[in-house]
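Participant: Chain by chain, the residues run as shown.
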Amino acid sequence: MSFFGLQENNLEEERQRIRSGASRETEDVAVYTWGEESYDGLGDALQEGGDDFNDETFGSSGSVGKDFDFAGQASLLEPELAHHKSANPVLSSPGQPRADATPRPVEQRPDNRRAPQSLESIWDDRSPFSVLPRENGGNRLQASTSQFSPFPESPVLHQPNAGQGGARTLQEIEAEMRAAAQQSRGVSQRQQNALRLQQEEEQFLQEQAYQQRQQRLAFQREREIERELQLQALQRLQQQQAMQAQHQRTPPPRMLPVSQSPRFVDQRQMLLLQQQEEHQLRMQQELQEQLRMEELERQLQLERQLRAQQISHINQGPLNHRRQTSGPTIAELQFQALQRQQLHRRQRSQSPAYQDFNVAPQNIQLQQRLLEELAQVDYLREFQGATQAEQEALRAEAMRKIVEAEKMEDKRRKKAAKIAHMSRYNDLMTQSDKDFITRIQVSQLVTPDPYADDFYAQVYGAILRSRMGLQSQDERVLKFGTGGGISLGNTQKAATRRPNAMQRMEQQVERIVSNARRREEEKGLHSLHSLQGALGKTSGRSYKAAPRQLLQVDDNPSTSPTLAHANAHISKEDATSQPNEGAAKEAAKLSRETLGNTGNVVRKDPLTHRQVLTALEAMYDLVLKVEHLRREQPPPEEEEASQQWQKEYDDLVELLWEGLKVMVPLETSNPHPFVSLLSPSKGKKLLPRLTRHIGSSRMLTLMTLLVACFTQLDVVKQAPLLDSLDESDERTEADRQTQAFLGSVLQSILPIVANLELHVVTALLGLLIDRSQDIAAVAKTKPGLALLTLFLSRVEVIKQGWGQGVEPVDLMAAGASLEQWQAVFDQFFVLLTPHLLALFPSSRIVLQDPHAPSAALAIDIMDQPVWQFLAALALQAVPEQHQVLVTSLRDKVLENVLSANKGWVADEDERRTKLANVNLFLHALGLDSSQIAL
Amino acid sequence: MLIFSVFKTLTDQQVTVELKNDLSITGVLKSVDQFLNIRLDSIKVLDEARHPHMMAVKNCFIRGSVVRYVQLPSEHVDTQLLEDATRRGSSPRSHPFIG
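From first to last, the protein sequence lines are chains A and B.
With the numbering used here, letter number 401 in the first sequence gets 401, and the count goes up by one each step, no holes.
With the numbering used here, letter number 73 in the second sequence gets 73, and the count goes up by one each step, no holes.
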């Protein structure tokens, strides 16, 4: 039974009464049973009046052995105790104002005779940390009447270990029991009463100590809350202060449970965190924090001691009860009393609380405590500031800071939660796992031959670099870095940011690549397939596996018979003829063949478009192989490798040459197979890529064939289509082909022409005149005009070279060549003269009346090559021929100059173009457009 | 591998990716991998009125399998080289000199 309702003076009185043995008879039995079993409803069924069934419950005293007869006393004592209880209402009906606040174990009841103390009460742990059910106490406490508590005024003991009272060892108990058994018979009522009183007193003392401890605990919690509030919610200080004033009399009932609730602990932890975060934490706060922690510790210690005490009470409780019920002898009781007194003495010496209690210095201590409390309140008042305004300001400031801190805390928590969420899977893979994956990925991507698998990016990068004037500064990267799709190709960009990481990456990749290469060599060519799809498929079918054939293209174009025939037909001598001597001979031979020497030539149908395309694809494959081989040319030091390489290269070039079908007899078909190959634009584009592999002698042969078959060319045949400004598919296609021819084919023979001897040029011009039925028609085409201009320019260059004496000239041979040339040129000039005006696209194109202003300019631009050609022609022409030229072109020149000078032009561009065109020609004659008098 | 190789050279160029759900996204090609997954930056959807939810999206990662077409900037594609690469890709390992 707790004694929280007990007033100090009452206690004192009670003590006095107990000592004097005055109030024994007033004990109330009915209240006494208010107790332990009430929670399971057994209390209602309890027979308050007597102990009729005690024997049933505990066994009859007679049948029980002497050793265990410690319950006998109680039955004897019972009526006395009942009286005692009723006389002490404070004892029996405890009013607990803080019943809901401070946990009080049930076992604190001093008189447990009737109610057998269940062992459960041991576990009735009231600490806030307990997980045990506590409805026992809780229910009872709630049921208890709420009563004003004078406790803050009651003495508060500072000794935390004040209540060691109840602890008894087993030996002590046993000794007690034996003594009781011996002396139980002769016990007198008085002795019994004395024992009772002794026990009562002991309980009182313990209760008192416990109460004081509770008091102290409560006070500490109070203080804690105060500090909490100071730190956490200064805005509540006003109310808090008001409450404090009350607290001097009564502790706030609601405060204490808060201090014990887990939420409170959380808040405290939160606050701790906040304070850690907040840099503006003041020293004072730190100190307080420290203090509080210390206090917390102390509190915990106290609580632990409290629990120990509870347990001791429990031990003691049933013991007393049984002893009393079994009815001990007087001797027993006397012995017991002696022992108890000894125990008390021991306890008192141990615990100063008893001394305090006895000497009653607790009043002094209480005063000290109160003073302390008051000082704290004063401090709080000071802290708040003297005036209301200051308080308000302080509060606002505090609010702001709190809100700020809360925000920061919130943010930090969110961030932490995010990080925690993201880092859930951290370190699931070890470094070796990652390396393994990387190796697989890289081994899939890296190939020993990046040019094969990553051809486009490699070559494009190389072209881009060469275009930008950058030397391939990092060959290593080019070799296999970019090969993997590990985009090391962009090292320049990435390196600026994380050079070290990139370097490390490169090193790793290098290592991986070299490993992959070694494995590749070990396993053979197809080892790449081993890991194919290890990390997922790139597509339904691999790029390396043979794709399903979608186009039914004949793999073996029927070129070989023609080739064989060509080889048979054209002599070895021709194929290997030197450019200087052989070219003219060849031209003559080709000319001869044109004359109808077709006796042993097997005429064939021209190649079909499909055949051309497949032949071209085969050629492209060869070109690519050759180009690849060129890139892998071994250094000249390795003779064996060089020889091997040279052999391979020569073989491939030979294949290329045969594939071009240049040696196929002229009359085999019309168009000639070679011309057929040139008809698609990709055929035209192929030629420049061949020229550097094919020797110049072969190129000359090729050019001779080209000149001989010039009229067969699609670009010449389609040229009339260009004499129109109407947009049509045919014209667009013709224009495209013409541009391709000029850009590819003529560009590729340009270096050949630039090295031609005069007599070869003469022969070629003659061949062209012979082979084309209408040289004027050829001259009317762009390619033809360009070719003729090339020839004429070359002759002019040769002549200039001779004139300047740059190179030693065999005058006889030169004279003969010149004579030859002049003859051919004269013939050419005569053939061309009637068509001079028609050479101009501007003459051929008939403009519809309403035409775009830009059309005129376009035509002028188209005229430009013609003026160029005429200038070249004029340079070669003799004075009589000049006359002819001027006469023929007089109208055209005048028209241009007039329209330019008279402003019959759309804009300045057109005017300038016209003049420039005219001047091109006039300068060749030694004139200028400004000399022309209008 | 060829397309991958080509796309690699187009990084930092403007491309238009047409998806199989008829979404056309124009953006700067940031990266592409062997699955032809595409990462685009500063994107713009062709028909923004129809796809208002894409207006706020500034960059995206496109899974390769959902791409229908990629419109390449012609000035950054070497067609002839592309043809050659196609030729190489079709018969790279059949010849002893390659691989």
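The set of hints was computed from the structure by calculation and includes no laboratory data.
From the three backbone atoms N, C-alpha and C, an ideal C-beta is built for every residue, glycine too.
Treat the hints with care, since some could be wrong.
[What the hints assert, rightly or not] Some residues of chain B that are not near chain A, with every Cβ distance over 12 Å (derived):
1) Ile3
2) Ser5
3) Phe7
4) Gln14
5) Gln34
6) Lys44
7) His51
8) Met55
9) Phe61
10) Gln71
11) Leu81
12) Ala85
[Claimed, not checked] Keeping only pairs whose Cα atoms sit at most 16 Å apart, straight-line, the calculated EDC-like set for lysine to aspartate or glutamate is:
13) B/Lys30 <-> B/Asp12
14) A/Lys682 <-> B/Asp84
15) A/Lys682 <-> B/Glu18
16) A/Lys604 <-> A/Glu667
17) B/Lys44 <-> B/Glu18
18) A/Lys647 <-> A/Glu617
19) A/Lys647 <-> A/Glu632
20) A/Lys682 <-> B/Asp47
21) A/Lys604 <-> A/Asp621
Participant: Each hint should be assessed against the structure and marked as holding or not.
Facilitator: Going through the hints against the structure:
| no. | hint | result |
| --- | --- | --- |
| 1 | Ile3 | violated (9 Å) |
| 2 | Ser5 | violated (4 Å) |
| 3 | Phe7 | violated (9 Å) |
| 4 | Gln14 | holds (17 Å) |
| 5 | Gln34 | violated (5 Å) |
| 6 | Lys44 | holds (23 Å) |
| 7 | His51 | holds (28 Å) |
| 8 | Met55 | holds (27 Å) |
| 9 | Phe61 | holds (16 Å) |
| 10 | Gln71 | holds (18 Å) |
| 11 | Leu81 | violated (6 Å) |
| 12 | Ala85 | violated (4 Å) |
| 13 | B/Lys30 <-> B/Asp12 | holds (6 Å) |
| 14 | A/Lys682 <-> B/Asp84 | holds (11 Å) |
| 15 | A/Lys682 <-> B/Glu18 | violated (30 Å) |
| 16 | A/Lys604 <-> A/Glu667 | holds (9 Å) |
| 17 | B/Lys44 <-> B/Glu18 | holds (12 Å) |
| 18 | A/Lys647 <-> A/Glu617 | violated (23 Å) |
| 19 | A/Lys647 <-> A/Glu632 | holds (14 Å) |
| 20 | A/Lys682 <-> B/Asp47 | violated (38 Å) |
| 21 | A/Lys604 <-> A/Asp621 | violated (26 Å) |
Hints 1, 2, 3, 5, 11, 12, 15, 18, 20 and 21, counting from the list given before, are not met by this structure.
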